[in-house]
Amino acid sequence: MGFYGIFHRALRDLIRPPVLRDVLVTGIPMILVWLGIGWIFWDKLLGLTTWLISWMPFSVVKADGALFILFFVWALAVLVSYAFLTAMIAPIFFRKTQRGYYYYSFAVLVGFAVFWAWFILGNWQTFTSAIANKLLVWLPFQTVAEGSAWLLNFYVFYSLYILSLYLVLAFFRKEFLLTIQETEYPEFVSEETEIKTRHSYVALRDAFVFLILTVLFFPLLLVPIVNVLIQLFLWAWLYRDANFRGTCALFCTKEEFDHLKHHRFMIWSMAFFASTLNFIPIISIFTPFFAQLLTFHWIMSEKKEKTIIGVQPKAENPQERLNGKS
Numbered sequence: 001m002g003f004y005g006i007f008h009r010a011l012r013d014l015i016r017p018p019v020l021r022d023v024l025v026t027g028i029p030m031i032l033v034w035l036g037i038g039w040i041f042w043d044k045l046l047g048l049t050t051w052l053i054s055w056m057p058f059s060v061v062k063a064d065g066a067l068f069i070l071f072f073v074w075a076l077a078v079l080v081s082y083a084f085l086t087a088m089i090a091p092i093f094f095r096k097t098q099r100g101y102y103y104y105s106f107a108v109l110v111g112f113a114v115f116w117a118w119f120i121l122g123n124w125q126t127f128t129s130a131i132a133n134k135l136l137v138w139l140p141f142q143t144v145a146e147g148s149a150w151l152l153n154f155y156v157f158y159s160l161y162i163l164s165l166y167l168v169l170a171f172f173r174k175e176f177l178l179t180i181q182e183t184e185y186p187e188f189v190s191e192e193t194e195i196k197t198r199h200s201y202v203a204l205r206d207a208f209v210f211l212i213l214t215v216l217f218f219p220l221l222l223v224p225i226v227n228v229l230i231q232l233f234l235w236a237w238l239y240r241d242a243n244f245r246g247t248c249a250l251f252c253t254k255e256e257f258d259h260l261k262h263h264r265f266m267i268w269s270m271a272f273f274a275s276t277l278n279f280i281p282i283i284s285i286f287t288p289f290f291a292q293l294l295t296f297h298w299i300m301s302e303k304k305e306k307t308i309i310g311v312q313p314k315a316e317n318p319q320e321r322l323n324g325k326s
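Residue numbers (our numbering): 1 to 326.
Watch out, some of these pointers could steer you wrong.
[Said to hold, decoys possible] Calculated pairs, DSS-like style, for lysine-lysine (alpha carbon to alpha carbon, straight line, at most 27 Å): (1) K174 x K304; (2) K261 x K174; (3) K196 x K261.
It should be emphasised that the hints constitute simulated quantities derived from the structure, not laboratory data.
Start from the sequences and build out the full structure, keeping to the hints where you can.
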């Protein structure tokens, strides 16, 4: 199965009622939890980020502020475009099929995200010049620094929200994946193939490394473009190994696990692709689950197509075939 097939199956399963229920029951309460934590610790973190930004040259702060503003303009444009289009066509086309509405929402949000990103990048010099060289220079340095610090605060709490979803899914993945396996791959029974992959250790280790790298790279989060690449790498770091090991712990044999773990390019590619969805409004709440489903369908498709070393059908002995006929 190609990447498109894996993507399509992962998206289809993500909007199944039982799976969608698990996603919303996990994601929405977690949003409320982090809103509460943010309310309590916002001012303390704001003091730290403001102090850090005060050491940066004004030119860097301007460029970073322009990038943050453009990001929120982009996110707002995506949401407004989606809301307008949905208000126009949803009452006509989605009266009878709720499932089609979910496909539509994902496709339209991604489509508008790509379109507005392309539009902003195509006019990058115009936008950045208008914001950084006109709007932000009119404001005092303290105002620009505090604005950038506020946006940096938002990023920190958002990253911790993604991390919390990752940890919940890492340790409660079995019920989530068995719901899909029983429907899509009933021929593979989890209880008969469980192996040790050090999944729990790896999930906690990667979460810890994620936090450490976030702290170490914190000053670089003020550098335009570099901060986006760092975010993408850190989220991919979370997804790539734990999702793979967690799925193999349930559905792979030892031989299959040893073979598949060498497919690092595919594992990292799925992790990076899923990580890009963390930037898209609304869809980001589903991203950790989608990343897990991508890995799950890749592994199960490898098993189903019998391309893993050690699971090919056993060659039939010609003498046994003749004896069977006789």
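We went through each hint and held it up to the structure:
This hinted pair checks out: K174 and K304 have alpha carbons roughly 20 Å apart, not beyond 27 Å. For the hint pairing K261 with K174, the CA-to-CA distance comes to about 20 Å; that is within 27 Å, so the pair holds. Under the criterion of a C-alpha separation no larger than 27 Å, the hint pairing K196 with K261 is consistent with the structure, at around 14 Å.
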